[in-house]
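Next come the chains, spelled out residue by residue.
There are 2 protein chains.
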Amino acid sequence: MAKSPTVKALFFDMFGTLVDFRSGVARAAEQLLAPRGVGLDWGAFADAWRGEYQAGMEQIRAGREAYVRLDVIHRRNLDRILPRFGLAGLDEATRAELNLAWHRLDAWPDVPPALARLRTRFWLAPLSNGNIALQADLARHNDFRWDAILGADLSRDYKPKPRLYRDAAEAFGLAPHDCMMVACHSSDLASAAALGLKTAHIARPDEHGPGKGERAPNVPVDVAAADLIALADALES
Amino acid sequence: MAKSPTVKALFFDMFGTLVDFRSGVARAAEQLLAPRGVGLDWGAFADAWRGEYQAGMEQIRAGREAYVRLDVIHRRNLDRILPRFGLAGLDEATRAELNLAWHRLDAWPDVPPALARLRTRFWLAPLSNGNIALQADLARHNDFRWDAILGADLSRDYKPKPRLYRDAAEAFGLAPHDCMMVACHSSDLASAAALGLKTAHIARPDEHGPGKGERAPNVPVDVAAADLIALADALES
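In the order they appear, the protein sequences are chains A and B.
According to this note's numbering, the first sequence is numbered sequentially starting from -14.
According to this note's numbering, the second sequence is numbered sequentially starting from -14.
Careful: at least some of the hints might be erroneous.
Pairs involving identical chains hold if they fit within one copy or between any two copies, as the list cannot separate such chains.
Derived pair list, reagent style DMTMM-like, types lysine to aspartate or glutamate, alpha-carbon separation capped at 25 Å [what the hints assert, rightly or not]:
no.	residue 1	residue 2
1	K(-7)	E77
2	K(-7)	E221
3	K(-7)	D128
4	K(-7)	E82
5	K(-7)	D56
6	K146	D26
7	K197	D142
8	K146	D76
Hint data in this document are derived by calculation from the structure and do not stem from the laboratory.
Full structure from sequences and hints, please.
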C-alpha cells in the first residue's frame, strides 16, 4: 500500500464531487413547474441545463468576455434551454427562482461526516467554478464549514485555467505540493496536477444519472477513493 | 429611537474591531523574545509595528507596487522596526515566527457570542486588509464562522479603496445598501458609506492602549454601538 501523501490543505470541486446537482436541479424544477401544469422528463431538463455549462464558461476562459459569475452563466443557460422544453414564455420571477436551485443542492450523504473529520487535520476550501454567494448558500444549506471560499470569484476566471489552482495555494501561503485537489472529474485533477498539486479522485458513478459518472480516474492521481469517507481513511492512514 | 437599518450582510473590519492586536502582538513578542534576554516596552513595540501599517499598504493603493499580501507587508514592517529596538540581528526563524503573531490574535470578549447571534440573521464576512491565510488562522483561533473571506486578497488592493467595499457587496450578489460595514475606525466607515453601504461603529476605546481608541464615530453612521453585543441588540430591535 502506497504511503498517503502529506498535504496541508484540501481544495474541493463542488458540483458532482460534493453535491448531487442532477437530482437537486431536477427536483427543484419539478417542485416549481409541476404545480403550473408542466410535465417534463425532469432529469433530462437538468442534463440539458448542465449541458450548457462548459460552453458558457469557455467564453470567459478564452478571453472573449470579461468575467461574470456562474449565477449569471446559469441564468443565461436556463434562458437558452427553456424553449427546448416548450417553456419559452416562462415568467421572470420563476426563472430567477429556478436559477437558485444551484444554491440549494444537497450534499452526497458521505460528505458531511467526512468533512468534519478532515477539518481536524487540514485547511478545507471549495475550489469551484461556483461564485461566492452560491458557495455560501451551499455551505449554509449543508452545514459545510470552510476556511475560505476560493475558486472562480477569487481568480475571476474558470477552471481548468491554471490560475485558479495557483491562486488557491497562494491564498493559504502554501506550495502547490502542500495542497490536494479533490474532484470526481479527471480533467480537473489533470489540471491541478500540472500545477504541482496533489490529487484525489472521488468516484461519483451516478453524477449524471444512474451509472453515468466517473467510476475511476482516467489520469494518474495520488489517491482514488470510493467516496469522501474513503479519502479521509486514506489520509489518516 | 431611530428604526434599525435593514441589511442582509455584515462586513467586519478585523484589526481593532474584532481582535485586540496591540495586546496580542505585545504578548507574542514578549513570549518569543524575553527568553532570549530581550527586555522592551512590549506595548511600544506593538505600536511601532502597527505604526508602519498604513505606509506599507499605501505603496499598493497608489499603484506604485503590485499587490502583495498583508503577511508580506507585516514582515517588511517588522524588519524595518527591529533596529529601532536594538534587534537588527534577530534571526530569520524568529522573525518568521513573530510575524505569525498577527494570525493568533484574540477576539475582544464580546465578539464570539455576538457573532453567534448575528449569524442567525445575516451573512457574515471579514472585509479586512488581512489576507486569506491570516483570516483563516484567526477564524480557527477564535472559532469565528464566516460565510466567506472578503477583503484585500479578493480585491487585490487595500481599504479604504472603494473597490473592496463594492467587491464585497457583489460577492454576495447584494446592492450596497443591503450591506453594513462594521468597524471601530471612522475612516473605514466613511469610505463604505461613500459607496452606499450602511455603517456601524463599534467603540474600541483601548485599541491602541488604555484610552487610545475611538470612543465614538467622528462621521455620520447608521448605528454607533458600545460593543458587538450592543450592535446585535440594535439590529434585532
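The hints, checked one at a time:
Taking identical chains as interchangeable, the C-alpha atoms of K(-7) and E77 lie at most 25 Å apart only when they sit on different chains, with a minimum of 23 Å there against 45 Å within one chain. Only within a single protomer do K(-7) and E221 lie at most 25 Å apart by alpha-carbon distance; the minimum there is 13 Å, versus 40 Å between protomers. When the C-alpha separation of K(-7) and D128 is checked against a cutoff of 25 Å, the pair qualifies both within a copy, at 22 Å, and between copies, at 19 Å. Taking the shortest alpha-carbon separations for K(-7) and E82, only the inter-copy value of 18 Å comes in at or below 25 Å, while the best intra-copy value is 38 Å.
Taking the closest pair of Cα atoms, K(-7) and D56 come within 25 Å of each other only across two copies (19 Å); inside a single copy the shortest separation is 30 Å, beyond that limit. In this assembly of identical chains, K146 and D26 lie within 25 Å of each other by CA distance neither inside one copy nor across copies; the values are 34 Å within and 50 Å between. Within a single copy, K197 and D142 get their C-alpha atoms no closer than 28 Å, and across copies no closer than 44 Å, so neither meets the 25 Å cut-off. In this assembly of identical chains, K146 and D76 lie within 25 Å of each other by CA distance neither inside one copy nor across copies; the values are 35 Å within and 39 Å between.
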